[in-house]
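Taking the hints into account, I'd like the entire structure generated from these sequences.
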Amino acid sequence: MADNSTDLLAEAVAPEGPRWETFVRELPPEEGGGYVTVTVDNETGREIVRPYRKVGTEPTVVCDELHIVYKVYGASAGKGSATSALGRLMLRRRAAGVREVHAVRGVSFTAYKGESIGIIGSNGSGKSTLLKAIAGLLPAERGAVFTHGQPSLLGVNAALMNDLTGERNVVLGGLAMGMTPKEVADRYENIVDFSGINEKGDFISLPMRTYSSGMAARLRFSIAAAKTHDVLMIDEALATGDAKFQKRSEQRIRELREEAGTVFLVSHNNRSVREVCDRVLWLEKGKLIMDGPTEEVLQAYEKESGK
Amino acid sequence: MDASSPAKDIEDTEDTVSTVTDMPPLPGAPEGAPEDRGLTPKQLADKYALAVSGRRPGLVTYVKQLWRRRQFIVSFATAKLTAQYTTAKMGQLWQVLTPLLNILVYYFVFGVLLGTKRNIPDFIQYLSIGVFIFTFTQQAVLQGTRSISSNLGLIRALHFPRACMPISTTVQQLQQLLFSLVVMIAIVLVVQPPTLTWLLLIPALVLQFVFNTGLSLIVARLGAKVTDMAQLVPFILRTWMYTSGVMWSLTVVSHGKPEWVKILLAVNPAAVYIDLARYSLLDSFHANQLPHHVWLLAVAWAVVVGIGGFIYFWRAEEEYGRG
Chain A
1 MADNSTDLLA EAVAPEGPRW ETFVRELPPE EGGGYVTVTV DNETGREIVR
51 PYRKVGTEPT VVCDELHIVY KVYGASAGKG SATSALGRLM LRRRAAGVRE
101 VHAVRGVSFT AYKGESIGII GSNGSGKSTL LKAIAGLLPA ERGAVFTHGQ
151 PSLLGVNAAL MNDLTGERNV VLGGLAMGMT PKEVADRYEN IVDFSGINEK
201 GDFISLPMRT YSSGMAARLR FSIAAAKTHD VLMIDEALAT GDAKFQKRSE
251 QRIRELREEA GTVFLVSHNN RSVREVCDRV LWLEKGKLIM DGPTEEVLQA
301 YEKESGK
Chain B
1001 MDASSPAKDI EDTEDTVSTV TDMPPLPGAP EGAPEDRGLT PKQLADKYAL
1051 AVSGRRPGLV TYVKQLWRRR QFIVSFATAK LTAQYTTAKM GQLWQVLTPL
1101 LNILVYYFVF GVLLGTKRNI PDFIQYLSIG VFIFTFTQQA VLQGTRSISS
1151 NLGLIRALHF PRACMPISTT VQQLQQLLFS LVVMIAIVLV VQPPTLTWLL
1201 LIPALVLQFV FNTGLSLIVA RLGAKVTDMA QLVPFILRTW MYTSGVMWSL
1251 TVVSHGKPEW VKILLAVNPA AVYIDLARYS LLDSFHANQL PHHVWLLAVA
1301 WAVVVGIGGF IYFWRAEEEY GRG
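Respectively, the protein sequence lines represent chains A and B. Just so we're aligned: the first sequence equals residues 1 to 307 in this note's numbering. Just so we're aligned: the second sequence equals residues 1001 to 1323 in this note's numbering.
Note that these hints are calculated values from the structure, not bench results. The beta-carbon is built from N, C-alpha and C at its ideal position, and this holds for glycine as well. Worth double-checking, as some hints may not be accurate.
In silico EDC-like links for lysine to aspartate or glutamate, alpha-carbon gap of 20 angstroms or less [stated by the list, open to error]:
(1) A:Lys113 with B:Glu1035
(2) B:Lys1089 with A:Glu58
(3) A:Lys113 with B:Asp1036
(4) B:Lys1047 with A:Asp163
Stretch-level coverage of chain A by chain B, calculated; a stretch enters the list once three of its residues show a Cβ under 8 angstroms from a Cβ in chain B [claimed, not checked]:
(5) 56–62
(6) 130–136
(7) 139–151
(8) 167–181
(9) 292–304
Every beta carbon over 12 angstroms from chain A, so not counted as near; a handful from chain B, in silico [to be verified]:
(10) Ala1033
(11) Thr1040
(12) Val1052
(13) Val1063
(14) Gln1065
(15) Arg1068
(16) Ile1073
(17) Thr1078
(18) Leu1093
(19) Leu1142
(20) Leu1174
(21) Leu1196
(22) Ala1230
(23) Lys1262
(24) Asn1288
(25) Val1304
Quick look at the structure:
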């Protein structure tokens, strides 16, 4: 692992006039004062601005030499016949076609209050597996994840209640997260407006199975984001919405950070990462290649992936 | 962590630059409080009271969390109940039609063709109560087995005590039973006026509900781990129905059989709850047809299975939704 990562770093550090530059800018008093973090694209001159936020010293997620191994059933074909299944039962052998995938290999990092951390890497590098492990949905093979409170994972494919209307999903989702019926009633309008489901007609009173995948993803995000989470993890959810929704959800992620949460964002869209994250973890083949400020890691990553 | 050390070096240099220009440092990989530098990850986690992610809460905390979700449990059950028949044209009418059709089938096959009605007065009423009460337990088990696997999306997306799912399916079946109860009362009213013993139905149903919830929790855990359970359960339930005296009298059937068979049939919880319902509703069902200590049995089954099932389910709390 060490060899591999130093190679990548050596390439990354070699300068040839970086395309992106990041700096902290002080806002004039008439704009409210304080600081913003600015990323400039030197090719186009465009700026990506995110609010400057001082990160706390209290850790919220501690990942200690984490290894995740999960089993895949039915990996090899042709062994599913009744006789072979009976044979396995009789001989107490493990089912054929069960394969183990070592998806995360010794990842360590500490996340602090108020941070927003991007996780990048090519497909199959273990990003989503890492998020599931932090959420407690996958057991650690070795090592451990310690968290403050219960992290919530927001994936694209997580269906809520498809046979129920959007309306019911909002109410039940809120109640399931531990809100009182009054809290749910108070926030109902906000959640529906935020999701933008009703912009094209009265969709909220239709069953969720009639929604397009983008609509469903937007509603789910809106429901989950209605509550303050200690640790919120978002798996590509921003990719599903249109540009307007993406802006809104980025805004909401910032607010969640203000409320002293920690946000993790898995994304293949480097622009979303630049808009939201101050820090990036780069995973490749289950190993942590790089952990550092957004620009540093993204530049190394873009160089490596040839973008 | 060897991979991150070069990044830290770079950040350090930026730190010195920023003090010169009096600007705050660039955000990046923070280092935490200075006094925490030397701590191992485990010590750091202990110091700030971080817990292993996804670890199961203590039993008392778990009950408290569950109590806070009581509205969710009831609303989820109601929503599922109303959604059940939305795709059917006659809609909610099926709530009542399904049990009626069931009774018709059983009456024809068992009462008429096999002649079990000969020894039983008010056979249709006897049969209806048996079918409705058994269906309550049967559906609680059937839906309980699937309560985790069919709600995986919800379980993976949001955090709540997983026992909400099997409990909610039992509440849904209780609501369904209340619909059926209207039909059941109407059928009984054909042969007799209401009596005071009808009130006994309330404690009997409460006990059965607790028993069903416990059972639902047990099969929910089994069904979440062993996916073959969903195929096996219908057969177990059918056997159970035939041995619970739903469409015939157990005392008549077990006549002349060895004593242990009679005892086994009499302590069967489904038979206990069915007989209690018959005793409370039907004048023609006399107290001497009840097994000995029937209320004691009803309470014992509810307490043992209710509490036992809850603890059994809770012990695997962290595993639901994995895989």
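- Query: Which earlier hints turn out false for this structure, listed by number in ascending order?
  - Reply: 2, 4, 10, 11, 12, 14, 15, 16, 17
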